[in-house]
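*Asks:* Please arrange chain B with the ligands on chain A, whose structure you already have, making use of the hints.
Those protein sequence lines, which keep their order, are chains A and B. For the first sequence, the working numbering gives the first residue as 42, with consecutive numbering after it. For the second sequence, the working numbering gives the first residue as 83, with consecutive numbering after it.
In case anyone wonders, no lab produced these hints; they're calculated from the structure. Beta carbons are placed, not taken as given, at the ideal position from N, Cα and C, and that holds for glycine. Heads up, some of the hints might be wrong.
What the hints assert, rightly or not - Chain B is faced by these chain A residues, among others (derived, beta-carbon under 10 angstroms):
{"#": "1", "residue": "Asp59"}
{"#": "2", "residue": "Val83"}
{"#": "3", "residue": "Gln143"}
{"#": "4", "residue": "Gln146"}
{"#": "5", "residue": "Ile165"}
{"#": "6", "residue": "Gln167"}
{"#": "7", "residue": "Asn172"}
To be verified - Here chain B is said to cover these stretches of chain A; the calculated rule only asks that three of the stretch's residues, wherever they fall, bring their Cβ under 8 angstroms from a Cβ of chain B:
{"#": "8", "segment": "42-54"}
{"#": "9", "segment": "105-111"}
{"#": "10", "segment": "180-193"}
As the list claims (entries may be wrong) - Only pairs whose alpha carbons sit at most 30 angstroms apart, straight line, appear in this in silico DSS-like list of lysine-lysine:
{"#": "11", "chain 1": "A", "residue 1": "Lys111", "chain 2": "B", "residue 2": "Lys297"}
{"#": "12", "chain 1": "A", "residue 1": "Lys133", "chain 2": "B", "residue 2": "Lys699"}
{"#": "13", "chain 1": "A", "residue 1": "Lys110", "chain 2": "B", "residue 2": "Lys297"}
{"#": "14", "chain 1": "A", "residue 1": "Lys158", "chain 2": "B", "residue 2": "Lys705"}
{"#": "15", "chain 1": "A", "residue 1": "Lys133", "chain 2": "B", "residue 2": "Lys700"}
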Amino acid sequence: MASITLNVNNKEYTVDADPDMPLLWVLRDKLELTGTKYGCGVASCGACMVLLDGAAVYSCQRAVATCVKKKITTIEGLSEDGTHPLQKAWEKVGVPQCGYCQSGQIIAAAGMLNKYKRPTEEMIDQVMSSNLCRCGTYHRIREAIHIAIEEINK
Amino acid sequence: MKKTSIDRRRFIKLGSLASGGLVIGFSLPGQSLFTQTPFDCEYFQPSAYLRIDKKGKVTIFVAKQESGQGVDTALPMILAEELDVDLRDVNVEIAPYGTLKEGEHDTGGSQSVMQMYDVLRKAGATAKAMIISAAAKHWGVKPEICAADNGTVVNTANMARLNYGDLVCDAAALPVPAEVGLKSPKDFKLIGKTEKRTGLKNILTGKTKYGLDTKVPGMVYAAVLRCPVQDGKLISFDDSALKDMKDVLKVVSYKGTAAPMHVRDGVAVIATNSWTALKARDLVRVQWDITVGKGVNTDSLFKALEERTKSKPQIQVFDKGNVDKAQGETFTAQYSEPFLAHATIEPMNCIAAVNGDKVELWGGFQLPDWAVNTIIKEFGYKKENVKLNLTLMGGGFGRRLHFEPALEVVKIAQQFDKPVQVIWDRVDDTRFDAFRPASVHKLEAKLDKNGKLLAWQHHIAGPSISIMTEGPDTKNLAENLGGADKDFWYDVPNVRTGFSSVNFNINRGWLRAVEICVNTFAVESFIDEIALHLKKDPLAYRLSLLEGRPAFDVRQYGTIVKQEPQRIAGVLKLAAEKIGWTDKREPNHFVGIATHSFIFARAYAAHAIEIEVTGDKKFRIKKIVGAIDCGLVINPDGLRNQMEGAIVFGLSQVLKGEITVQDGKVAEDGFYSYELLRFDEMPPVEIYTVDSKEEPGGVGEVGLPTVSPALCNALAAAGMRPRNLPIRKDGYSWS
Ligand code: FES
Ligand code: FES
Chain A
42 MASITLNVNN KEYTVDADPD MPLLWVLRDK LELTGTKYGC GVASCGACMV LLDGAAVYSC
102 QRAVATCVKK KITTIEGLSE DGTHPLQKAW EKVGVPQCGY CQSGQIIAAA GMLNKYKRPT
162 EEMIDQVMSS NLCRCGTYHR IREAIHIAIE EINK
Chain B
83 MKKTSIDRRR FIKLGSLASG GLVIGFSLPG QSLFTQTPFD CEYFQPSAYL RIDKKGKVTI
143 FVAKQESGQG VDTALPMILA EELDVDLRDV NVEIAPYGTL KEGEHDTGGS QSVMQMYDVL
203 RKAGATAKAM IISAAAKHWG VKPEICAADN GTVVNTANMA RLNYGDLVCD AAALPVPAEV
263 GLKSPKDFKL IGKTEKRTGL KNILTGKTKY GLDTKVPGMV YAAVLRCPVQ DGKLISFDDS
323 ALKDMKDVLK VVSYKGTAAP MHVRDGVAVI ATNSWTALKA RDLVRVQWDI TVGKGVNTDS
383 LFKALEERTK SKPQIQVFDK GNVDKAQGET FTAQYSEPFL AHATIEPMNC IAAVNGDKVE
443 LWGGFQLPDW AVNTIIKEFG YKKENVKLNL TLMGGGFGRR LHFEPALEVV KIAQQFDKPV
503 QVIWDRVDDT RFDAFRPASV HKLEAKLDKN GKLLAWQHHI AGPSISIMTE GPDTKNLAEN
563 LGGADKDFWY DVPNVRTGFS SVNFNINRGW LRAVEICVNT FAVESFIDEI ALHLKKDPLA
623 YRLSLLEGRP AFDVRQYGTI VKQEPQRIAG VLKLAAEKIG WTDKREPNHF VGIATHSFIF
683 ARAYAAHAIE IEVTGDKKFR IKKIVGAIDC GLVINPDGLR NQMEGAIVFG LSQVLKGEIT
743 VQDGKVAEDG FYSYELLRFD EMPPVEIYTV DSKEEPGGVG EVGLPTVSPA LCNALAAAGM
803 RPRNLPIRKD GYSWS
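Just chain A, with the same shape it has in the complex (with noise of 0.2 angstroms):
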């Protein structure tokens, strides 16, 4: 056990956990910051992802030690207002059905336009499979990504 100080969504959260905790339990069980979803634990399917000094990363596989001193984004600090612009296209859209995969679908997604303001169909590809959706939403997402791609670009 140990106190242990992170920065998540620009604000400084001081939390007692065992330092190998992954970085998704101390946010859903510690800081109960609930928009980052638990779906394997395993690298599987993307519902954890967060952004870790703006690269997205699967928060089940962080052993929360490691984020000391980084910028953790989860979903609720994407944007002040739910207005970043992969907010904005997945509201247009209308990508979500039940909602569970989407922060992670989201953050993923921002991750990939902090480093390639445009990237390709392949990495495109490549990113979004690391991210399952049951509710079969990836057609939705594939085009809320190309507006927000144009929005970033204009």
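*Replies:* Positioned in the frame of chain A, the structure of chain B with the ligands alone reads:
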């Protein structure tokens, strides 16, 4: 004691009753609960479905459980239409458990819109009539000269206006009218126009709370080691490895239960956080008696099922004409389909807080009454002492018709003095599912020398679901929906179908479209095989069997539903036209088509799929067209999203999905071994809807059953006929 056994038939029946045309003047369910006096007026709540406060804020309570199918939007749209309010100003909430009649919370079988359409229109119109009466009284004019307009009432004589909010207290004091008029569909402003999902913004900002996200003050978390074999027994456990783990609070064990839920014996580790519970669970050493699992293998099951279809069915389900007398060429085929898991991305979970003789639960339930009644029966709580808080669900697809986690967590929480959340990890969720049953189908046709289809026989063998949910005495053994469980859409003079139940010790349940999906695969593959065998165009052949056939009534679960061959022909033609059925194709490109009727949801669908063959058993899907006729559409974009999603669900099934069992244990343990379709495998899709004025039907399951046969029929057009799902089992691969 209430009968706690239930099956899907129950809510289907409810739906059919509720849809018997427009009944004006029936009393609204839950109405008596909300009778108000003018003195306590804070808001106006004329029924369980809506409330309007003094500021005019409208809250609509959604009776059906949201799991992605969009009832949180379609149902409020129906009510808001008649109430004449802007949906954007409406607050949408889950109807709290207990505010509705028993059965009304039930969600499944694509029945939500069908069950609620008349009820919600009536609820909206009644409230509006009362508000208009209150305005008329206020102005001292006749109600007839007042009109509702977007949350206000207008006095058409002088154009004076009052907001609904100003009128609610007066309206609440008025008697509920016995009869109200409803809008003519041509005046609809909302119904039929695309609306954004009401909960959309919350989803996109991470605010939506699903069952697993629910936090209750003081709560702790439990992970369970379950007996790996159904009906196996816990002998002993050793938790000494946990004794220095500070976050571990307690380890408890419990006994499983049989039907309806088949909860397994378990050892639960209770901890202050989910991760510790899951991690510590792995350190508990358990001895199980799992001898009952010996020899329970899917490989041998398939052999047994195949063998079983060679003799007479255990139950004859439908018999028309005389198949034995039909003389001609015999044509047969056999198909098989595997066990499937639901694999919702939100794994199963539930919270319970036990306090003496009271229990409170939090979670997502498709059939909450069944869960509560079972808890009452199994644990002996009084009905008034069981409180259930319904949450949103991260996917349902029939998984949350079952409620094993609720029973488990009560067993655990009875041994701990804090609210406990039981969390299933992905391995649990995959291995301890209530699986869609495996099946083998034998089909036999008789063809005369001109190729006329004289007789049709379909024998389905599989482990039945109802034997699991209702026990061995079930009367609902047969699972023939979606085939000719009664006279089906194709015009064949002699038809005989049957079912044989073969026992297999693994839990089973309903998965999206259930046997309709299973049987449609066999039926629509077989009709295609016959067409190809006769060297006829598969589309033209189907249409020839539908041509001129009028609609006819069939009995389903004691109610009459319509089989409408011309609506099937309609979706077939639509799908064919949109894929360009008769177009000249590029080399190595082939198309396949399939159709079906989902008659108890009054809906019809077809898929046409174009593939490019890239080698022996190798292909690429170029395009999928889905066509649906589900009558009047409430939210067109919601319908499209469901149809698109059903294609993804269908592709996972036809290409990949399979649960296997060895010695009673499920081999697959998550998304690496039970694979779902991924983003880069998603082909282009197009959805088309038949413009229809028929009564609204259901949507959620309708777009699933024809995906698999349409793909297999495309492969057959290229000279390869897959007969076993998933097709990768037989060496097919795609890119
Ligand atoms: S929960 Fe992390 S990838 Fe599934
Ligand atoms: S929207 Fe339900 S899992 Fe993606």
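*Asks:* It remains to establish, for every hint, whether it holds in the given structure.
*Replies:* Structure-based check of all given hints:
no., hint, result
1, Asp59, "8 angstroms, holds"
2, Val83, "6 angstroms, holds"
3, Gln143, "6 angstroms, holds"
4, Gln146, "9 angstroms, holds"
5, Ile165, "8 angstroms, holds"
6, Gln167, "7 angstroms, holds"
7, Asn172, "7 angstroms, holds"
8, 42-54, "violated (count 1)"
9, 105-111, "violated (count 0)"
10, 180-193, "holds (count 4)"
11, A:Lys111 x B:Lys297, "27 angstroms, holds"
12, A:Lys133 x B:Lys699, "40 angstroms, violated"
13, A:Lys110 x B:Lys297, "28 angstroms, holds"
14, A:Lys158 x B:Lys705, "29 angstroms, holds"
15, A:Lys133 x B:Lys700, "37 angstroms, violated"
Comparing the model with each earlier hint shows violations of hints 8, 9, 12 and 15; every other hint is respected.
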